[in-house]
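Engineer: First to last, the protein sequences are chains A and B. What the first sequence shows, in my numbering, is residues 1 to 189, in sequence order. What the second sequence shows, in my numbering, is residues 1 to 189, in sequence order.
The reader is advised that the hints may include incorrect statements.
Given that identical chains are not distinguished, each listed pair holds provided it fits within a single copy or across any two copies.
Distance condition first, Cα-Cα at most 30 Å in a straight line; then the derived DSSO-like pairs of lysine-lysine [claimed, not checked]:
#1 K168 to K67
#2 K67 to K89
#3 K168 to K89
The hints are simulated quantities; they were obtained by calculation from the structure and are not laboratory data.
What follows is each chain in one-letter form.
Protein chains: 2
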Amino acid sequence: MALDTIRQLLTLDDRYVEKVEQIHSEWDGRIFAVETLDVRLSDGSYGWREIVRHHGGAGVCAVRDDKICLVRQYRVALGRMSLEIPAGKLDPGEDPSVCAARELEEETGLVAQSIEPLAVSAGAPGFNDEKTRIFYARGLSQGSARPDEGELVDVVWIPIPDMVEAIKAGLIEDAKTVISVLAVAAGIV
Amino acid sequence: MALDTIRQLLTLDDRYVEKVEQIHSEWDGRIFAVETLDVRLSDGSYGWREIVRHHGGAGVCAVRDDKICLVRQYRVALGRMSLEIPAGKLDPGEDPSVCAARELEEETGLVAQSIEPLAVSAGAPGFNDEKTRIFYARGLSQGSARPDEGELVDVVWIPIPDMVEAIKAGLIEDAKTVISVLAVAAGIV
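Produce the complete structure using the sequences and hints provided.
Structural biologist: Okay, here's the thing in structure tokens:
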């Protein structure tokens, strides 16, 4: 019933839809591309939108003894070290749950009996189509990590209450990681 | 003590830092720009990184009677309708809390007695420097909305438990909104 209300609010509404009249390819990289769109609004006026196109990613929330499994790494885009749940980029058409399980094992050596959808994170829907599918891992057992060549990863387990404090203090910013920690803290997994 | 451990893990570590040797400006738009970086890793090898540069944004988590205030809008990047907390883009150098309070009032007519930092959301730190600062609004009173010209906004209030279900069902994907809902559900505000 409640979900029906939300579904209805999310149904395409002609007053809001921006019709794409023309797509201009602006830049094409290895991991994302840039397009500009000529759009027509319902009042007949025209607009212009800048969009990043990316295949998206998948991440895994793995928790044991009220601690969450994180990978320590450097993020050159942010110019800082970061603690994030294990995650990776999707290949085009790849099943996100397969990608998530693979990244978990490669980066941490953890094998999950099952992984189930927890949430989706669209980080900047105003201009970026990138989505990260977040999964929750059940039935963890420890194998050995097999990082990609040149990939330097440190695995750490941090108590959920400490992560909540770190989020409030602005130390943890990665959206998929913030969402995972808060979902566990809220008891919805 | 616990935060000290996390701070230490986030201290720059020479083994991980990627030194930017050269920045190439690839594309320059109105709301973001694209750079590629030549980076040097600690083992002496070289890499290449594609980065989106954006000034970031600010959003407001406004809750009354266990319902969260959301704006209904169309997101052409995702090709779908979206329900998101009130938010807007930062101007360069703008105070995020000022931006957040302004967007709240413009989009919803709500005035907050105070807004305090709740979390930061970096949606795709692997290639995008965009961060949204999320604030929690206290002492809400209702004025009248003043949307920007051409901005069509619908304000809706949705119960937090319904939003949690919608997140688990993948209906709500916007990272700043997922984070706000889960923070309220976890009782950390």
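Engineer: For each hint given before, does the structure comply? Return the numbers of the non-compliant ones in rising order.
Structural biologist: none
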